Amino acid sequence: MPINMLKTKFAEIAVCVAATPDTPSAPLVTETAHAAKGYDLDVTVPADRVTGAARIMDEAAFMLEAITGVDWMAEQQFEIVYDYTAVALGARVVVRARVPRATPELPTISRIYPGANWHEREAHDFFGIVFTGHPELIPLLLPEDADFHPLRKDFGA
Amino acid sequence: MSIEAQTLHRETFILNLGPQHPATHGVLRIKLTLDGEYIEDAEPVIGYGHRMHEKMGENRTYAKFLPNTGRMDYVAAMFNTHGYVCAVERLAGITVPERAEFIRVITAELNRVASHLLWVGAFLIDLGGFTPLLYTFDDREQILDLLEAVTGARLTFCYYRFGGVCNDIDDDFIAGTRKFIAHLRSRMPMYHALITKNIIFRRRCEGIGPISAENCRKYGATGPVIRGSGVAYDVRKAEPYSIYPRLDFNVPVYGQGDCMARYLVRMDEIVESLRIVEQALDRLPGGPVMAEKVPRILKPPKGDCYFNVESARGSFGVRVVSDGTDKAYRMKLRSPCFSNLSLFQECSRGMLLADALALLGTLDLVIPDIDR
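Protein chains in written order, with the working numbering: chain A, 1 to 157; chain B, 1001 to 1372.
Just so you know, the hints here were simulated from the structure itself, not pulled from any lab data.
Given the structure is predicted, the values throughout are model-derived calculations rather than measurements.
Yeah, the Cβ is synthetic: ideal placement off N, Cα and C, and Gly gets one too.
Treat the hints with care, as some may be off.
[Said to hold, decoys possible] In silico BS3-like pairs for lysine-lysine, Cα to Cα no more than 30 Å straight-line:
| id | chain 1 | residue 1 | chain 2 | residue 2 |
| --- | --- | --- | --- | --- |
| 1 | A | Lys153 | B | Lys1327 |
| 2 | B | Lys1327 | B | Lys1302 |
| 3 | A | Lys7 | B | Lys1218 |
| 4 | A | Lys153 | B | Lys1064 |
| 5 | A | Lys37 | B | Lys1197 |
| 6 | A | Lys37 | B | Lys1299 |
[Said to hold, decoys possible] Simulated restraints, written as ranges between beta carbons of each label pair:
| id | chain 1 | residue 1 | chain 2 | residue 2 | range |
| --- | --- | --- | --- | --- | --- |
| 7 | A | Lys153 | B | Met1188 | 48 to 56 Å |
| 8 | A | Thr32 | B | Pro1285 | 27 to 35 Å |
| 9 | A | Arg55 | B | Asp1282 | 43 to 51 Å |
| 10 | A | Pro100 | B | Asp1248 | 33 to 41 Å |
| 11 | A | Lys153 | B | Phe1013 | 41 to 49 Å |
| 12 | A | Lys153 | B | Gly1350 | 40 to 48 Å |
| 13 | B | Ala1354 | A | Ala33 | 44 to 52 Å |
| 14 | A | Ala36 | B | Glu1292 | 18 to 26 Å |
| 15 | A | Thr32 | B | Asp1248 | 29 to 37 Å |
| 16 | B | Gly1255 | A | Glu31 | 32 to 40 Å |
| 17 | B | Gly1350 | A | Ala61 | 26 to 34 Å |
| 18 | B | Lys1179 | A | Arg55 | 48 to 56 Å |
| 19 | A | Thr32 | B | Phe1013 | 46 to 54 Å |
| 20 | A | Ala61 | B | Ala1193 | 37 to 45 Å |
Please construct the entire structure, taking both the sequences and the accompanying hints into account.
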């Protein structure tokens, strides 16, 4: 079963998570019920491992569907959510990473998935998340001189 | 030859296609770097129609966001609403009555046909053929009349509700739809004679603008684009939802990856959608069209969920993150056109400008869906 194989592969990355100081208490690689959640595997990786996660997904021939952020203001963190789908299997994998709200930086995956280029620019527009190594992190949907990030919870609208 | 002349003939120039070019369907701008008529680089510039629907999803109740969904991809508005209500229903644990599921599929598939008919007409205009539009709009008009009678709208439908649909279909609609199915089936040979067999059309499409299956995967292109590249990916089959698993329909796939393949996929999908509608009408059960006990103000439990539907343009996804209140904490709207357009820059490199416009046309872009 490919999902099981992926679980093992992600577990290697997840071990590195446990080594970091603020380890989340929830399991890092969880199999979820597709009917209830809409995805089959929920993976949390440290922010600097998202490229490794993308490589695992790429080797397993997954398609990148979307990248987005969630502003967890109470915890002073941004969550970055990567949605992958396996065209052949109909299976979905969610990869999550968290960065501090004050220094929202994590590496780009646009070298592995060129489609990530626009999704990362959009997340930069909306949240101000900086994807280091991105070829041109300039506004995509917002005006070219935009200095605001509308999906931050402290942005009034 | 002077030094000046030697450098001149290698010079490239920059041309703005849009933001209002009639061939670009809405406010899309493409910054072209051209070497003569050949494209060195084509950078899409988007965001002219950006309205921040995702923020609007966070600052109003779930029900109040319903009309927004019909205003993203307004050519196939049913699918956006379908994806949204299904995501919220999944999160809130609402079960939809069977009759409502059937009506949803009937209206959604009619919308798919309307969307593809509009695309065929508009695409032929892109290529310089005006006539087919007059025929496709004539047929599309009949679908809009049918849908208007039950939904109250012709374009920006807001027909689905959490737990069902807001209005039951009547005998007039069923009879009218059956009549329309027979009518459109009789028109398909005419379309193939008018368009598919047209030598000018074939020359403009065959072998033009190839997109590889690998590029589709790397850029997340879905819908008729990936199916025109030989991959049988359809959310209705890959992650069956609603009553689709109970219906018999094929997923048209063409392997050439060129403009012709994407055209043929859509033409075949019209026929398949008619089959789906016919089967759903045949088996339409009785009963209510709204679930009982759906609270007026929804407060889904904490957590997140994702729901994908196969829109006329590809995989439309909604991620809802709930914090247990009456408003979504985060609402991500995954637009198929966004990903489909993102591969244009790579795939158009080295093409003739006129051919690149054919490629752009076959991506079937609705710009407000990209901009959201």
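Here's how the hints hold up against the structure:
1. A/Lys153 <-> B/Lys1327: With Cα atoms ~13 Å apart, A/Lys153 and B/Lys1327 stay inside 30 Å; holds.
2. B/Lys1327 <-> B/Lys1302: Holds: B/Lys1327 and B/Lys1302 sit about 11 Å apart, inside 30 Å.
3. A/Lys7 <-> B/Lys1218: 22 Å, holds
4. A/Lys153 <-> B/Lys1064: Distance of about 20 Å is within 30 Å: holds.
5. A/Lys37 <-> B/Lys1197: 46 Å, violated
6. A/Lys37 <-> B/Lys1299: 17 Å, holds
7. A/Lys153 <-> B/Met1188: 48 to 56 Å: 52 Å, holds
8. A/Thr32 <-> B/Pro1285: 27 to 35 Å: Cβ of A/Thr32 to Cβ of B/Pro1285: about 31 Å, so the range 27 to 35 Å holds.
9. A/Arg55 <-> B/Asp1282: 43 to 51 Å: This hint holds: roughly 49 Å between Cβ atoms.
10. A/Pro100 <-> B/Asp1248: 33 to 41 Å: Since the Cβ atoms of A/Pro100 and B/Asp1248 sit about 53 Å apart, the hinted range of 33 to 41 Å is violated.
11. A/Lys153 <-> B/Phe1013: 41 to 49 Å: With Cβ atoms ~45 Å apart, the hint holds.
12. A/Lys153 <-> B/Gly1350: 40 to 48 Å: 45 Å, holds
13. B/Ala1354 <-> A/Ala33: 44 to 52 Å: This hint holds: roughly 50 Å between Cβ atoms.
14. A/Ala36 <-> B/Glu1292: 18 to 26 Å: 22 Å, holds
15. A/Thr32 <-> B/Asp1248: 29 to 37 Å: 30 Å, holds
16. B/Gly1255 <-> A/Glu31: 32 to 40 Å: Taking Cβ atoms as reference, B/Gly1255 and A/Glu31 lie about 34 Å apart, which means the hint holds.
17. B/Gly1350 <-> A/Ala61: 26 to 34 Å: Taking Cβ atoms as reference, B/Gly1350 and A/Ala61 lie about 27 Å apart, which means the hint holds.
18. B/Lys1179 <-> A/Arg55: 48 to 56 Å: 55 Å, holds
19. A/Thr32 <-> B/Phe1013: 46 to 54 Å: 52 Å, holds
20. A/Ala61 <-> B/Ala1193: 37 to 45 Å: Distance hint for A/Ala61, B/Ala1193 holds at roughly 40 Å.
Consistency note: the structure conflicts with the earlier hints numbered 5 and 10.
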